[in-house]
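Colleague: Sequence:
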Amino acid sequence: MLSNVFSTSSSNGAPDAEEGPDNLLCASKKSDGWVGLGCCELAIAAECRRACKQASSTNDILKSCKKQHESALISCVNRNEMGSVCCSYAGRNTNCREYCQAIFRTDSSPGPSQIKAVENFCASISPQLVQCVNNYTQSYPMRNPVDSIYCCDRAEDHACQTACKRILMTKRTEIEIVDNLIAACKTMPLPQDPLWQCFLESSRSAHPGITIAPPPSTGVDGAKLHCCSKANSSKCRELCTNLYSTSWGNTQNWQKFDNECEYNPSESQMLTCLADVREPCQLGCRNLSFCTNFNNRPTELFRSCNAQSDQGAMNDMRLWEKGSIKMPFMNIPVLDIRKCHPEMWKAIACSLQIKPCHGKTRGSIICKTDCVEILRKCGDHSKFPESHTAESICEMLSSTDDTEDCIPLETYLRSSSLEKDIEDITHPCNPNPCPSNHLCEVNRKECVPGEPCFPYSCVQGCKLGEASDFLVRQGTLIQVSSGEVGCYKICTCGQGGTLENCMELYCVDLQKSCIVGGQTKSHGTSFKVDCNICSCVAGTVRCSKRQCLNELSSEEDRSMFTGLPCNCADKFVPVCGQNGRSYPSACIARCVGLLDHQFEFGLCSSKDPCNPNPCLKNQRCIKKRQVCLTSFEKFECPQYECISRQIKCEHLRDPVCDSDNMEHPNICTLYQRGKQLSYKGSCQHFCKSAEPVCGHNGETYSNVCSAYYDRVAVDYYGRCQDVGIFSDHSFNTECSSVQCPPIPKFGCKPIIPPGACCPLCSGVLTILFDKEKLDSFAKIRKMPITVMDILQKIRPHISVPQCDIFGYLSVESELVVLVVPVDIHPKAIQVEACNREAEKINSLINSDSPTLASQVPLSALITSEVFISSTVNSDCTKNISNNLYTLLCLLLNGVYIFCHL
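Per the numbering used here, the sequence shown starts with residue 16, numbered consecutively.
Do not rely on the hints blindly, as some may be mistaken.
Stated by the list, open to error - Derived pair list, reagent style DSSO-like, types lysine-lysine, alpha-carbon separation capped at 30 Å: (1) 250 - 131; (2) 131 - 337; (3) 504 - 797; (4) 460 - 760; (5) 638 - 586; (6) 622 - 632; (7) 201 - 271; (8) 622 - 649; (9) 638 - 622; (10) 560 - 649; (11) 797 - 808; (12) 786 - 586; (13) 383 - 536; (14) 638 - 808; (15) 786 - 536; (16) 649 - 460; (17) 794 - 527; (18) 504 - 536; (19) 622 - 383; (20) 808 - 504; (21) 250 - 337; (22) 586 - 560; (23) 560 - 639; (24) 271 - 649; (25) 271 - 341; (26) 632 - 794; (27) 527 - 543; (28) 794 - 638.
Said to hold, decoys possible - Simulated restraints on C-beta separations: (29) 885 - 700: 30 to 36 Å; (30) 432 - 760: 55 to 61 Å; (31) 528 - 634: 48 to 54 Å; (32) 336 - 275: 56 to 62 Å; (33) 689 - 757: 39 to 45 Å; (34) 338 - 468: 33 to 39 Å; (35) 432 - 135: 47 to 53 Å; (36) 338 - 837: 51 to 57 Å; (37) 665 - 689: 14 to 20 Å; (38) 573 - 396: 42 to 48 Å.
It should be emphasised that the hints constitute simulated quantities derived from the structure, not laboratory data.
Every residue gets a Cβ at the ideal spot worked out from N, C-alpha and C, and that includes glycine.
Based on the provided sequences and hints, a complete structural model is requested.
Modeller: Next comes the structure, spelled out in structure tokens:
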């Protein structure tokens, strides 16, 4: 029901099966949507890239680009064209089309199970498709041998490693490579050997005796398997689990899933989750030639902004022009859409293909009012199925007008107004410029003069299953479903690009519900109790611990209310807890569960963990500030680390700045010179003699750069002196003596983060986490889980370099994450982009999306609440939507007249 409403063609623009691929061949005409456009970013030469984007066919590219230098580009274009032709035979069968597309989606050799799945499922739907795929796979060349060079590091013998790399760089055919590897490494190509297991995993060798490694323990697609637990009905849950577990689903199961689940509005949670795996939401849309009203929208999220979907929208329009919209459960007769509101029909076709990630549900459902309006005006009522009206049909297709759950077409009936501002927001990883087995991450490191510098970096990854395109970062712990609903295991993404060392972790009873205020809340449901965010976790209610006032509170309660935990007095007499967190007072420390011997007076930053020296004589003690989220009774939270004095520093350039503002080539050199680390990165002139700053975590830092090194944003200049209150009932008078930095001149509706004093333009997330789950992860890692661990895992999900992640543990023991513009003077469009990024992270947490939940320790995040500082164009007397904004206008007394600028 999400992207399938009204849609009868594939996401890559394939027409109905009965039409065949003929009009897909027209895709070679640029006016119809050039299918090779998504490959153009693979061009090495800038002039070739430009020529590709202007080309109408592969021949045009061959004329402009040297084939031997642009092999990746030519291969991608040819593969896309072949895939468009083959997969067009799938017609409107979603799953057949999906597994067909998986064959052509990457430059790796298709695996035997992938090919078998196409044969099993598509044979009864389209023999032509199966034949077309077989013609392609049987003639498929081996991937570039250099792509497998990382496998050489899997060899145990150093001489074999060296020889392997030399062979892969000099030999081209599989037989040559295999023969030379056998001779050099003196080992037979057995799947259990780490080198051969890695090398053969995605390559179907013609060499005798070689077999393909067994499928990974995550099944066909571990990420989609995670989504099965979100099914509303036991039947859809069982079908989904069968389809994505260790054995491929048969044709009958796929058809049942299509008919009973794929279009079922009650299965929206599962379907949205599956959509997150297939096509994650990404900021920005551009280069569309048909759906032009979707271009130049850098602060909006889309699932499928590409040339194939652009072509798909055009094909949908062509099909609908025949007078009928074919749905699995009915055909909807329509008048001539070329004459009856064609722009509205175009907006519908483009919305369903480009798929805006709209609202909290991230679905692509057209709002009911728009659906009713277009069918009233353009539906052929005389041919409507018996007893059906525009209203009854739309109730089946799209039953809501809540703008959090549906797409209002009005947005896309006109072009974007941001065409002049799009350069202020960049999207380095959209489209993805990396190889198929690598993740693309925004490069936030500064460039070294004279060296190549790209706005992104490509990181080796692991797939969550042999038919999965969902990648996780190499070297990380991954949580995957064990196959049984609610049960999970932990694996490591190994050097060979596969998940390994898997171990069973725990099971959660997803059927256990919670009773709250006489109402039943199912597992995973988020809700509020007074001012606290809560979630039902397998029958247990987990809530934040904010101090609340409610309608029943007496006048005396209101007069005594401070808003701090346990209603503690708003006095700033800080103490340092054993978890590494500074608390504003002993009262608050006791309220969050610390005993008197588990904290000491003074800020944590004022303590010297290396005095007395806890390290051995041949080791140096280095301060290492961290705030631990795990139980410090079970796992210590050391504020130092011991490093060997004998360690040799490699000539690696990764600059760091010491407390005297002197730069060193790397952190190892800094320690050997006996200096103290201030922050990572080159020394910044504005931090040389800067005054101290107070971070949102209540810690005083020597300068802004030191705070940023801890991933902590600055609240105000000067030493910490007050604690703010994040409450709907407080006017924040505790911070009246604090002088806050000015708000950007364009104006925004600012947010005051929990425990802070000053407003800022950013997205603010308050996140509830499962401490028991973090403890179980810490036991596996043999070290505590820290705030920094969470922030480092979330950071790669921020896709625009104009925004960055900061965060801290609040005094209420919630994790607070800020998505903040990085420019000193950010523009309104940049603030808006950060807001969208914050909303995206918020929805992924609340829906338990595998995009985040597959990663340890992010899988321990239970529920989240988001606050955004939307830009405003009005003064204090207009559009005041909450008391925080009112408060700022009243209390700042004109010192920072941000409301009128």
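Colleague: Compare the structure with each hint and give your call.
Modeller: Evaluation of the provided hints:
no.: 1; hint: 250 - 131; result: 25 Å, holds
no.: 2; hint: 131 - 337; result: 36 Å, violated
no.: 3; hint: 504 - 797; result: 17 Å, holds
no.: 4; hint: 460 - 760; result: 28 Å, holds
no.: 5; hint: 638 - 586; result: 29 Å, holds
no.: 6; hint: 622 - 632; result: 22 Å, holds
no.: 7; hint: 201 - 271; result: 51 Å, violated
no.: 8; hint: 622 - 649; result: 22 Å, holds
no.: 9; hint: 638 - 622; result: 10 Å, holds
no.: 10; hint: 560 - 649; result: 22 Å, holds
no.: 11; hint: 797 - 808; result: 18 Å, holds
no.: 12; hint: 786 - 586; result: 29 Å, holds
no.: 13; hint: 383 - 536; result: 27 Å, holds
no.: 14; hint: 638 - 808; result: 23 Å, holds
no.: 15; hint: 786 - 536; result: 21 Å, holds
no.: 16; hint: 649 - 460; result: 36 Å, violated
no.: 17; hint: 794 - 527; result: 26 Å, holds
no.: 18; hint: 504 - 536; result: 26 Å, holds
no.: 19; hint: 622 - 383; result: 60 Å, violated
no.: 20; hint: 808 - 504; result: 19 Å, holds
no.: 21; hint: 250 - 337; result: 36 Å, violated
no.: 22; hint: 586 - 560; result: 19 Å, holds
no.: 23; hint: 560 - 639; result: 29 Å, holds
no.: 24; hint: 271 - 649; result: 49 Å, violated
no.: 25; hint: 271 - 341; result: 19 Å, holds
no.: 26; hint: 632 - 794; result: 29 Å, holds
no.: 27; hint: 527 - 543; result: 19 Å, holds
no.: 28; hint: 794 - 638; result: 24 Å, holds
no.: 29; hint: 885 - 700: 30 to 36 Å; result: 34 Å, holds
no.: 30; hint: 432 - 760: 55 to 61 Å; result: 20 Å, violated
no.: 31; hint: 528 - 634: 48 to 54 Å; result: 53 Å, holds
no.: 32; hint: 336 - 275: 56 to 62 Å; result: 31 Å, violated
no.: 33; hint: 689 - 757: 39 to 45 Å; result: 40 Å, holds
no.: 34; hint: 338 - 468: 33 to 39 Å; result: 55 Å, violated
no.: 35; hint: 432 - 135: 47 to 53 Å; result: 49 Å, holds
no.: 36; hint: 338 - 837: 51 to 57 Å; result: 53 Å, holds
no.: 37; hint: 665 - 689: 14 to 20 Å; result: 19 Å, holds
no.: 38; hint: 573 - 396: 42 to 48 Å; result: 59 Å, violated
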